[in-house]
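Colleague: Here is how the chains run, residue by residue.
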Amino acid sequence: QKEVEQNSGPLSVPEGAIASLNCTYSDRGSQSFFWYRQYSGKSPELIMFIYSNGDKEDGRFTAQLNKASQYVSLLIRDSQPSDSATYLCAVNPAGGTSYGKLTFGQGTILTVHP
Amino acid sequence: AAGVIQSPRHLIKEKRETATLKCYPIPRHDTVYWYQQGPGQDPQFLISFYEKMQSDKGSIPDRFSAQQFSDYHSELNMSSLELGDSALYFCASTRRDTQYFGPGTRLTVL
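So the protein lines, in turn, are chains A and B.
Residues in the first sequence are numbered from 9 upward in steps of one, following my numbering.
Residues in the second sequence are numbered from 61 upward in steps of one, following my numbering.
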């Protein structure tokens, strides 16, 4: 079992819809969680990080963390075709609210169609 | 704003050759992480440096070595290259709560 698992894709949503991306992790000691967007052949780009249980909103993006369930999600509201990319969930398993070395999930490919 | 610089951007090598990848972090960033991303795979942590000292080590083969220099740039040295080393190699530059990935070096081993 991978340490960080993401819901299998690809995920396809119509433009303007909400895209929901899910991620579970195995290490209960993990305290910092990150969502990256990666276009094909490009480097990962940080979208959001979250440390505390609950929701964190930034523009059209909302990250949700539930440490009891070891679950973190990313919601993208008003999805746009430019959001089409691979979304990587990453966890710092060493604990602490810092980047540290990251363990990534396998990624979910999101396609937003007009 | 300054970004992370990696060179070369593309590299083609033969099996058993050596390769050196370079990473220039954002000024005043004190930590560099190296990741390897194979085709269709997620990035795998290789090694990291904090203030020029190795701070952590991941799934880095013994054929690979790395160091961080006094100017904070880092180099990943890869010897006895194998076909399976073909991948994107990213470095990430970090300071406190800020982290940026470089554009990556695409290594192809023939």
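Take the hints with a grain of salt, since some may be wrong.
As the list claims (entries may be wrong) - BS3-like cross-link-like pairs, simulated, lysine-lysine; straight-line CA separation at most 30 Å: (1) B:82 to A:50; (2) A:50 to A:10; (3) B:112 to A:64; (4) B:73 to B:117; (5) B:82 to B:112; (6) A:75 to B:112; (7) A:50 to B:112; (8) A:50 to B:73; (9) A:50 to B:117; (10) A:64 to B:82; (11) A:64 to A:50.
Hints in this document: simulated from the structure, not taken from any laboratory.
Colleague: Failing hints, ascending?
Modeller: Violated hints (numbers, rising): 3, 6 and 10; every other hint is consistent with the structure.
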